[in-house]
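Here the protein sequences line up with chains A and B, keeping their order. Everything in the first sequence is counted per the numbering used here, starting at 16 for the first residue and increasing by one. Everything in the second sequence is counted per the numbering used here, starting at 16 for the first residue and increasing by one.
No wet-lab data here; the hints were simulated from the structure. This structure is a prediction, so every number in the text was calculated from the model and none was measured. Accuracy of the hints is not assured; some may be wrong.
For identical chains, the list gives no copy identity; a pair is met inside one copy or between any two copies.
List of simulated lysine to aspartate or glutamate pairs, DMTMM-like, C-alpha gap at most 25 Å [to be verified]:
#1 Lys17 to Asp150
#2 Lys321 to Asp201
#3 Lys321 to Asp47
#4 Lys181 to Glu324
#5 Lys321 to Asp208
#6 Lys181 to Asp124
#7 Lys181 to Asp201
#8 Lys321 to Glu306
#9 Lys204 to Asp174
2 protein chains.
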Amino acid sequence: MKRIQRALEALVERIDTPAPIVLADVVQGNIDRMQAFAAQHNLDVRPHVKTHKCVEIGRRQIKAGAVGITAGNVGEAEVFAAAGFDDIFIAYPIWPAGTKGPRIRKLADTIRLRVGVDNVAAINALADAMGPEPDRLQVVIEVDCGARRSGAPAEAAGDLALAARKRGLVPVGVFTYPGHGSAGPDARKRAADDQDAALTTAVRSLTAVGITPEVVSAGSTPTVEFATNSVITEIRPGEYVFNDLNNTRLGACTEDQIALFVAGTVVSDWVPDQVILDIGTKALGREGSPEVGYGSIAGTTAVLSKLNEYHGFLPLPAGFRPGVGTVLPVVPNHVCPVVVNFEEYIVTDSTGTMLEWWPVDARGFLN
Amino acid sequence: MKRIQRALEALVERIDTPAPIVLADVVQGNIDRMQAFAAQHNLDVRPHVKTHKCVEIGRRQIKAGAVGITAGNVGEAEVFAAAGFDDIFIAYPIWPAGTKGPRIRKLADTIRLRVGVDNVAAINALADAMGPEPDRLQVVIEVDCGARRSGAPAEAAGDLALAARKRGLVPVGVFTYPGHGSAGPDARKRAADDQDAALTTAVRSLTAVGITPEVVSAGSTPTVEFATNSVITEIRPGEYVFNDLNNTRLGACTEDQIALFVAGTVVSDWVPDQVILDIGTKALGREGSPEVGYGSIAGTTAVLSKLNEYHGFLPLPAGFRPGVGTVLPVVPNHVCPVVVNFEEYIVTDSTGTMLEWWPVDARGFLN
Chain A
16 MKRIQRALEA
26 LVERIDTPAP
36 IVLADVVQGN
46 IDRMQAFAAQ
56 HNLDVRPHVK
66 THKCVEIGRR
76 QIKAGAVGIT
86 AGNVGEAEVF
96 AAAGFDDIFI
106 AYPIWPAGTK
116 GPRIRKLADT
126 IRLRVGVDNV
136 AAINALADAM
146 GPEPDRLQVV
156 IEVDCGARRS
166 GAPAEAAGDL
176 ALAARKRGLV
186 PVGVFTYPGH
196 GSAGPDARKR
206 AADDQDAALT
216 TAVRSLTAVG
226 ITPEVVSAGS
236 TPTVEFATNS
246 VITEIRPGEY
256 VFNDLNNTRL
266 GACTEDQIAL
276 FVAGTVVSDW
286 VPDQVILDIG
296 TKALGREGSP
306 EVGYGSIAGT
316 TAVLSKLNEY
326 HGFLPLPAGF
336 RPGVGTVLPV
346 VPNHVCPVVV
356 NFEEYIVTDS
366 TGTMLEWWPV
376 DARGFLN
Chain B
16 MKRIQRALEA
26 LVERIDTPAP
36 IVLADVVQGN
46 IDRMQAFAAQ
56 HNLDVRPHVK
66 THKCVEIGRR
76 QIKAGAVGIT
86 AGNVGEAEVF
96 AAAGFDDIFI
106 AYPIWPAGTK
116 GPRIRKLADT
126 IRLRVGVDNV
136 AAINALADAM
146 GPEPDRLQVV
156 IEVDCGARRS
166 GAPAEAAGDL
176 ALAARKRGLV
186 PVGVFTYPGH
196 GSAGPDARKR
206 AADDQDAALT
216 TAVRSLTAVG
226 ITPEVVSAGS
236 TPTVEFATNS
246 VITEIRPGEY
256 VFNDLNNTRL
266 GACTEDQIAL
276 FVAGTVVSDW
286 VPDQVILDIG
296 TKALGREGSP
306 EVGYGSIAGT
316 TAVLSKLNEY
326 HGFLPLPAGF
336 RPGVGTVLPV
346 VPNHVCPVVV
356 NFEEYIVTDS
366 TGTMLEWWPV
376 DARGFLN
C-alpha cells in the first residue's frame with residue numbers, strides 16, 4: 016500500500032475527488048507476471064476486459080503476449096474491435112435478440128469472433144442471425160464446473176458442439192468459469208480442481224463425437240495459479256490487471272500488486288471517531304458486507320463501514336484523525352464494478368511522476 | 016406491477032437487454048402527486064436529480080411547479096445549469112479543492128447557486144474560491160438530525176451562518192437529511208420527528224444570531240409525508256420520481272407507482288429451478304441483501320438471489336418457468352444506483368405505445 020500512498024501524495028493537488036487512480040507500473044507488473052506464469056505452463060492468456068474496459072490497457076495486454084481478449088457482452092466486443100482488436104471471445108451465453116444478431120454478424124465479418132453457447136436454442140438463434148455464412152462464427156461451449164451459474168453439464172459438450180456444427184457454426188472448444196473459487200482461500204484450489212475435472216470431461220465429450228477442441232478455456236484471477244492441468248489451453252483472468260482487496264484476502268495477490276484506488280476527500284467530521292468521505296455507491300458500488308466493510312484506506316486499518324450514494328462513512332481507528340479536506344486512498348473490495356462509474360482513469364505510477372488520462376472506453380456498453 | 020408487464024410486452028421486440036425502461040405516465044403521476052402534496056402543505060419542492068440525472072425529467076419537475084433542483088455534486092449542477100436550470104442547490108458539504116473552487120464560482124456567476132456547508136474550514140475555502148464577489152454564493156447550513164452522516168449539531172447553525180456572513184457568503188438557511196428514516200416502516204415517522212426537532216433548533220440558533228432563514232429544507236422520499244411541521248419550507252425528495260421496492264417496503268409508495276424497471280433476458284437454464292438473466296451488478300448495482308434479494312420480477316414472487324457482473328441468479332418459484340430468450344422485468348430494490356450504469360432510458364408508458372430515448376445526462380459526473 017506504500018506505493019498507493021506515495022502516488023497519492025504526489026498527485027493530490029491535481030485531482031478532483033472522487034477519482035479512480037491507476038498505477039501504470041503496477042498494472043504492467045501484473046500483466047507481465049501473468050504472462051510469464053502462462054508461458055511457464057504453456058497457456059494462452061486471453062484477458063477479460065470487463066475489469067478495465069480500457070483500450071490502452073488491452074493494448075498492453077496484447078503487447079505482452081495475450082492471444083486476444085475476452086469480453087462480457089457484444090458492446091464491449093464492438094468497442095475493442097473498433098479499436099483494432101481482431102481476436103475476441105465473448106465468454107457469455109449470448110441470446111441474439113433485438114439488434115444483437117446483426118451486430119454479432121457484423122463483428123464476425125470483421126474479426127475472429129468467438130461466442131459462448133450453452134443451449135441448442137441459442138445455437139439455432141445464432142445460426143439464424145449469421146445468415147448464409149454461419150461458419151464466420153466460432154462458438155465455444157460453456158460448461159458448468161460448480162459455480163451453478165451458466166454452462167451445460169460437461170457431458171453435454173459434445174452434443175452441443177454437434178448441434179452447432181449441424182447449423183454451420185464452428186465449434187472450437189469449451190470454456191468454464193470457476194466462480195465458486197471466490198468463496199474463500201480454501202475454495203480456490205477446490206474450484207480449480209472442479210474446473211479441471213469439468214473441462215476434462217467436456218474434452219472427452221467432444222472427442223467422443225469426433226471434435227478435437229482447439230481451445231479449452233479457464234478462468235479466473237483467484238483460481239488461475241491452479242489452472243495448470245494439461246487439458247487447459249487458455250486462461251481468461253480479468254481482475255489481475257488491477258487486483259483488489261478480495262483477491263488479497265483470497266491470497267491471489269499481494270497488497271503491493273493492487274493497481275487501482277479511488278481518491279476521496281474528507282468532507283465532514285462532526286460525528287465523534289468518524290469522518291465522511293465524498294465516495295459512495297455511485298463511485299464504489301456496494302461491494303462488501305457489514306463484516307469486511309466497503310473499502311479500506313491504504314496504509315491504515317480504517318475501513319468504510321457504510322455507503323450512501325455520495326457519502327462514505329469512515330469510523331476512525333485510534334491515532335488516525337484526518338481533517339476535513341484530507342484526501343484519502345480507498346482500495347476497493349472488488350474492482351470491476353468501480354471502473355464503470357467513471358469516464359476515465361487518472362494514470363500515474365508508484366513515484367507519482369507520470370500523469371495521463373485513459374478513457375474507460377467500454378463504459379456504459381452493457382448489451 | 017401490471018403496468019410494467021403490459022409495457023414490456025409491447026416493447027419486447029424492440030429492445031436490447033439489459034435495458035432500463037421508464038414509464039413516462041407513471042413518472043408524471045409521481046411528479047404531480049408530490050407537487051400536490053407540497054402545495055397542500057405549503058412546501059416548496061426542490062427535487063433531487065441524483066435519482067434520474069436526466070434533463071428531460073428535471074424539466075417536467077420544474078414545469079409541475081418545483082422551485083428549482085437539488086444536486087449531489089458540482090458536476091450534476093453543471094450539467095443541469097448548462098441545460099438552462101437556473102436555481103440549483105448542491106445539498107452536500109462541498110470541499111472546494113482542485114477545480115471545484117473555480118467551477119463553483121463560475122456556476123454562481125451564471126445561476127442562483129446554493130451549496131451546503133457544515134464546517135468553518137469549508138466556509139473559508141468557499142469564500143477564498145469566490146474571490147472578490149463571495150456574495151454571489153448562497154450557503155445553506157447542514158445540520159444532522161440523527162442520520163449521523165454529515166451536518167453540524169443543530170445548535171451550531173447560527174455560529175456557522177455567522178462565519179459564512181463574516182466571509183461575505185450569503186447564509187440563506189438550513190438543511191438536513193433524515194437518512195435513518197429508511198431503516199424500516201416504523202423509522203419513517205420517527206426520523207421525520209427528529210428532522211422537525213433538528214430544524215426547529217437550527218432555526219432558533221439562526222434567529223438567535225439575527226439571521227432569519229429564507230429556506231428550511233428537508234428530505235426525502237421515505238419521510239416526506241411526515242415533513243409537514245410548520246418550520247419546514249422546502250422538501251428535497253429524489254426517489255419519488257421512479258420509486259422502487261425499498262420505498263414500497265417502507266410504505267412510501269405503492270407498486271403501481273414504480274416507474275422504472277430493467278428488462279433482462281433469460282440466457283441459461285441448466286440449473287434446476289433457476290435461470291440466469293443477463294442483468295448483474297454492472298446494470299443493477301448490488302443493492303439488497305441475501306434476505307430480500309437484489310431485485311424482483313414484476314408480477315411474480317421471483318427474486319434475484321445473487322448477482323455477478325453480467326449474470327443474475329433467479330431461483331424459480333413453483334409454476335414460473337421462463338425459457339431461454341424470455342425477457343423479464345426486474346424491479347430494483349434501490350433505483351438511484353441503477354441509472355448511472357446506462358447512457359439513456361428507454362421511455363414508454365403503461366400502454367407501451369410511446370417510445371422515446373432520454374439521455375441520462377449527468378451520468379458519470381461524480382465530482
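Next item on the list: Enumerate the violated hints, using their earlier numbering and listing them in ascending order.
Entry: Numbers 1, 3, 4, 7 and 9 - these are the hints that the structure violates, sorted from lowest upward.
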